[in-house]
Amino acid sequence: MLATALLCFSLLLVLLPAVLATSSEVEKYESLEETVCPINPNLSLEELLGLPGYVTVAEEPVEILGIPPGPPDGGTPMPAPVYTMIIIDDDAETYIEHAMSKFGPVDFSWNDLCNWANRILEDGDDPFESLFNINFVASQYQYWYSPSGSLADLLYEGQNAFPKPAGIDVTFILTGQAEGTIAGRSDCNDAFIVTATAAAAFCPLVNVWQHEASHLYNCPDHDPGFFTWCIMSYTWGMVTKNWCNECTLQIACNKYRFGTIYV
Amino acid sequence: MVLIDLKHKILFFSILSVILLVFTAIDVYALSSPVQFHYGPVLYAEKLSAKPTNYIALTDPDPYLLEALSNPSRDVFIGSWDNTNLDELVETYQTNNVEYNNTYYTVTMVSVDVFIYGTFFLILIFSWIVLGLSFLITQVRSPSS
Numbered sequence: 034m035l036a037t038a039l040l041c042f043s044l045l046l047v048l049l050p051a052v053l054a055t056s057s058e059v060e061k062y063e064s065l066e067e068t069v070c071p072i073n074p075n076l077s078l079e080e081l082l083g084l085p086g087y088v089t090v091a092e093e094p095v096e097i098l099g100i101p102p103g104p105p106d107g108g109t110p111m112p113a114p115v116y117t118m119i120i121i122d123d124d125a126e127t128y129i130e131h132a133m134s135k136f137g138p139v140d141f142s143w144n145d146l147c148n149w150a151n152r153i154l155e156d157g158d159d160p161f162e163s164l165f166n167i168n169f170v171a172s173q174y175q176y177w178y179s180p181s182g183s184l185a186d187l188l189y190e191g192q193n194a195f196p197k198p199a200g201i202d203v204t205f206i207l208t209g210q211a212e213g214t215i216a217g218r219s220d221c222n223d224a225f226i227v228t229a230t231a232a233a234a235f236c237p238l239v240n241v242w243q244h245e246a247s248h249l250y251n252c253p254d255h256d257p258g259f260f261t262w263c264i265m266s267y268t269w270g271m272v273t274k275n276w277c278n279e280c281t282l283q284i285a286c287n288k289y290r291f292g293t294i295y296v
Numbered sequence: 007m008v009l010i011d012l013k014h015k016i017l018f019f020s021i022l023s024v025i026l027l028v029f030t031a032i033d034v035y036a037l038s039s040p041v042q043f044h045y046g047p048v049l050y051a052e053k054l055s056a057k058p059t060n061y062i063a064l065t066d067p068d069p070y071l072l073e074a075l076s077n078p079s080r081d082v083f084i085g086s087w088d089n090t091n092l093d094e095l096v097e098t099y100q101t102n103n104v105e106y107n108n109t110y111y112t113v114t115m116v117s118v119d120v121f122i123y124g125t126f127f128l129i130l131i132f133s134w135i136v137l138g139l140s141f142l143i144t145q146v147r148s149p150s151s
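Line order of the protein sequences matches chains P and R. All letters in the first sequence, in the order written, are residues 34 to 296 by the working numbering. All letters in the second sequence, in the order written, are residues 7 to 151 by the working numbering.
Check the hints yourself; a few may be wrong.
Simulated restraints on C-beta separations [what the hints assert, rightly or not]:
no. : chain 1 : residue 1 : chain 2 : residue 2 : range
1   : P       : Q175      : R       : L139      : 24 to 34 Å
2   : P       : F260      : R       : F18       : 31 to 41 Å
3   : P       : D156      : R       : L139      : 46 to 56 Å
4   : P       : Y176      : R       : R80       : 26 to 36 Å
5   : R       : F29       : P       : P180      : 49 to 59 Å
6   : P       : P180      : R       : E73       : 19 to 29 Å
These stretches of chain P come out as covered by chain R in the derived footprint (C-beta under 8 Å, 3 or more residues) [to be verified]:
no. : stretch
7   : 128 to 137
8   : 206 to 220
9   : 232 to 238
10  : 247 to 255
In case anyone wonders, no lab produced these hints; they're calculated from the structure. All C-beta atoms in this analysis are idealised placements derived from N, C-alpha and C, irrespective of residue type, glycine included.
Could you build all of it, start to finish, from the sequences and the hints given here?
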């Protein structure tokens, strides 16, 4: 009896978010007619229909971060690539070398470090690309001898040490310094920091990256988010790459905030 | 003899369940209380040495904004963005600079993200499943059943 109760409790905890995420599928499509981004002229219903079943009327009002220019005649609007400056600090190098030294002596070259950071970015932006055509592109790498400090200090000082040049949209700092249990920090505007030490606490860096990047599109955190199968949920964010309805709509309505191209 | 075994088994599983329950309760509390556990949305104020060109003159800031202004260069955890109206002010005036009591600050809205409690939550679910299955297996194998 007790065992059955325990099993039911566990299965309920595991399955409930997934069940809830799929059960409203019909409602989602029924409500598509009413789904509009009130300001954005570039989002068509067809485009929203192209999203794999996520879009529904947002429970929370959607905040549009920037109004994109209207499309010129004959052009189809696409989000421009998000040009990203990656700042890798000396502690990140120490951290990855120490982590990899279990498999033998390691000396990471600058190219290796760049490839590592780029892989986090490229894997993290896959859901952005497949759902919204948002492509983060690493267009500049910087090596930083960072001072010791909190992630708040590092995010602030990193941006001061390497001001964003023209043509760069976003700053992504990869550090090896830890601050308690914090995995990342985003200024919710155009910069965020991810600590590589999060990986030691079973937090995939790719998921942390995707979470922080989602903040740039005005996605809120879901705490505790027990019933929200979303990357922004503090409960399930480490095991899913999905966005919930609210976050999907937030990104869809803000996807042109770093520019628009016409194809 | 079988009765004693059964009592031991129930006692063993009960103790394990209570321990897991305590950890689950703590973890659920940690996940539900970002302010107490210092993560989630944050207001972060920095004092400005010079008067900025554009700024918002604050007369009656909300309590969290006031706390941020009173503690510059420190994270003030606010739990939810609904607890402050700074985002509306920034959107209206298109600046993060504020003036309060003749002092100038720049206030940013930051998100501080902690996932360790979510990871613990997954480990706890796994532990509950293992505990339930173990109890089920021992019950099936038990001669009394």
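Results for each hint:
no., hint, in the structure
1, Q175(P) - L139(R): 24 to 34 Å, "violated, 51 Å"
2, F260(P) - F18(R): 31 to 41 Å, "holds, 33 Å"
3, D156(P) - L139(R): 46 to 56 Å, "violated, 34 Å"
4, Y176(P) - R80(R): 26 to 36 Å, "holds, 29 Å"
5, F29(R) - P180(P): 49 to 59 Å, "violated, 37 Å"
6, P180(P) - E73(R): 19 to 29 Å, "holds, 27 Å"
7, 128 to 137, "violated (count 0)"
8, 206 to 220, "holds (count 8)"
9, 232 to 238, "holds (count 3)"
10, 247 to 255, "holds (count 3)"
In terms of the numbered hints stated before, the structure departs from hints 1, 3, 5 and 7, listed from lowest to highest.
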